[in-house]
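S.K.: Protein sequence lines correspond, in order, to chains A and Z. Numbering-wise, the UniProt record's numbering puts 118 at position 118 of the first sequence, and it's gapless, one number per residue. Numbering-wise, the UniProt record's numbering puts 110 at position 110 of the second sequence, and it's gapless, one number per residue.
Quick caveat, the hints were computed from the structure, so don't treat them as lab data. Keep in mind that a hint or two might mislead.
[Stated by the list, open to error] Pulled a few chain A residues facing chain Z out of the computed Cβ check, cut under 10 Å:
(1) 16
(2) 166
(3) 178
[What the hints assert, rightly or not] Using C-beta positions, here's what the derived DEER-type ranges look like:
(4) A:153 <-> Z:29: 49 to 57 Å
(5) Z:82 <-> A:128: 23 to 31 Å
(6) Z:6 <-> A:176: 34 to 42 Å
(7) Z:131 <-> A:152: 39 to 47 Å
(8) A:58 <-> Z:164: 19 to 27 Å
(9) A:173 <-> Z:82: 32 to 40 Å
We put the CB at the ideal spot given by N, CA and C, even for glycine.
2 protein chains.
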Amino acid sequence: MDTDFENLFDDGMLKLIDFSKHTSQFSPPISPNNPGDNLKLRPLNVNDYHKGYIGLLAKLTSTGDVTFDQFKKRFSQMKQCPNTYYIAVVEDLETNTIVATTTLVIEQKFIHECGIRGRIEDVVVCDTKRGKQLGKLMIGTMTALAEYLKVYKVSLECKDSLVPFYGQFGYKKEANNSNYLQLRL
Amino acid sequence: MDTDFENLFDDGMLKLIDFSKHTSQFSPPISPNNPGDNLKLRPLNVNDYHKGYIGLLAKLTSTGDVTFDQFKKRFSQMKQCPNTYYIAVVEDLETNTIVATTTLVIEQKFIHECGIRGRIEDVVVCDTKRGKQLGKLMIGTMTALAEYLKVYKVSLECKDSLVPFYGQFGYKKEANNSNYLQLRL
Numbered sequence: 001m002d003t004d005f006e007n008l009f010d011d012g013m014l015k016l017i018d019f020s021k022h023t024s025q026f027s028p029p030i031s032p033n034n035p036g037d038n039l040k041l042r043p044l045n046v047n048d049y050h051k052g053y054i055g056l057l058a059k060l061t062s063t064g065d066v067t068f069d070q071f072k073k074r075f076s077q078m079k080q081c082p083n084t085y086y087i088a089v090v091e092d093l094e095t096n097t098i099v100a101t102t103t104l105v106i107e108q109k110f111i112h113e114c115g116i117r118g119r120i121e122d123v124v125v126c127d128t129k130r131g132k133q134l135g136k137l138m139i140g141t142m143t144a145l146a147e148y149l150k151v152y153k154v155s156l157e158c159k160d161s162l163v164p165f166y167g168q169f170g171y172k173k174e175a176n177n178s179n180y181l182q183l184r185l
Numbered sequence: 001m002d003t004d005f006e007n008l009f010d011d012g013m014l015k016l017i018d019f020s021k022h023t024s025q026f027s028p029p030i031s032p033n034n035p036g037d038n039l040k041l042r043p044l045n046v047n048d049y050h051k052g053y054i055g056l057l058a059k060l061t062s063t064g065d066v067t068f069d070q071f072k073k074r075f076s077q078m079k080q081c082p083n084t085y086y087i088a089v090v091e092d093l094e095t096n097t098i099v100a101t102t103t104l105v106i107e108q109k110f111i112h113e114c115g116i117r118g119r120i121e122d123v124v125v126c127d128t129k130r131g132k133q134l135g136k137l138m139i140g141t142m143t144a145l146a147e148y149l150k151v152y153k154v155s156l157e158c159k160d161s162l163v164p165f166y167g168q169f170g171y172k173k174e175a176n177n178s179n180y181l182q183l184r185l
């Protein structure tokens with residue numbers, strides 16, 4: 001049985017967000033509350049470890065072998081940071097597997113009147129569910145959630161090929177200020 | 001009197017980091033423990049509000065009017081997120097003012113064996129202290145701190161004009177994967 005404390009964040013939040021700005025982008029129309037036949041969009045739950053969550057992330061990048069204990073520990077560490085980690089998933093209710101996920105992570109600031117900013121991270125859709133607008137649904141949902149949380153901006157880093165995709169949601173390069181630099185350690 | 005609980009993070013950490021990779025970059029030689037005459041590099045302290053910390057941030061971007069109560073609340077909220085917010089400052093001990101600051105913020109992940117990644121944010125040096133290598137010192141210090149914390153990567157977003165500056169520390173654009181997109185809300 002799923003209980004609230006096993007969700008990474010309050011399930012009710014996804015029901016409160018205003019998704020209306022994004023509905024025109026979807027054909028056929030889908031939304032966080034109606035993501036498609038036999039699909040459910042909801043917060044990451046600790047039991048999603050058993051529903052293929054790590055395997056889905058492995059489509060994106062290296063995950064290594066993560067045990068359930070390690071997963072629970074990290075899940076708990078994320079929950080110990082109030083109002084910071086918002087990971088949403090889409091579950092295929094026929095197979096009880098996680099088929100899409102996206103993270104919104106919040107950073108607290110002193111700038112902008114002690115404001116908060118959001119970042120979209122770790123966007124993955126399972127190969128077998130491509131063409132069902134789930135990537136767009138996740139980005140639209142997390143963007144609306146960021147707006148609900150009153151961030152002053154949301155940002156993301158992406159490959160060249162994905163710039164047009166994110167552009168649909170208003171994410172854009174700002175003139176002279178769109179460089180993402182990395183140092184791998 | 002400054003006490004440990006009034007620091008944003010453990011002061012001892014800055015003494016433990018291995019700064020040796022970066023020392024060759026400085027002429028004259030400076031380091032986190034020896035940042036220059038009458039200067040001290042240390043964690044942000046709650047009393048730095050009274051030492052011009054917000055005014056310094058205002059050189060970077062809009063801060064609005066932040067009261068001491070608002071500052072203390074945000075400081076406390078950051079501390080409630082374990083192992084997440086590392087804000088360092090340089091204090092001018094002659095004038096008791098904060099003359100430089102940089103943030104390292106940590107994001108917990110499930111990917112990379114439940115790894116962590118770091119981001120360099122809000123780098124500011126006071127105009128009157130330019131030419132004293134304080135920007136380089138802050139970036140070197142926070143990069144070394146990120147390595148000490150065992151992040152798998154550190155990243156930052158910057159203007160075109162600053163790409164060469166960060167390049168000195170190994171921060172670089174990766175081929176086809178260096179886009180920083182923003183949505184202001």
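S.K.: It remains to establish, for every hint, whether it holds in the given structure.
M.R.: We went through each hint and held it up to the structure:
{"no.": "1", "hint": "16", "in the structure": "16 Å, violated"}
{"no.": "2", "hint": "166", "in the structure": "5 Å, holds"}
{"no.": "3", "hint": "178", "in the structure": "5 Å, holds"}
{"no.": "4", "hint": "A:153 <-> Z:29: 49 to 57 Å", "in the structure": "39 Å, violated"}
{"no.": "5", "hint": "Z:82 <-> A:128: 23 to 31 Å", "in the structure": "38 Å, violated"}
{"no.": "6", "hint": "Z:6 <-> A:176: 34 to 42 Å", "in the structure": "38 Å, holds"}
{"no.": "7", "hint": "Z:131 <-> A:152: 39 to 47 Å", "in the structure": "32 Å, violated"}
{"no.": "8", "hint": "A:58 <-> Z:164: 19 to 27 Å", "in the structure": "36 Å, violated"}
{"no.": "9", "hint": "A:173 <-> Z:82: 32 to 40 Å", "in the structure": "34 Å, holds"}
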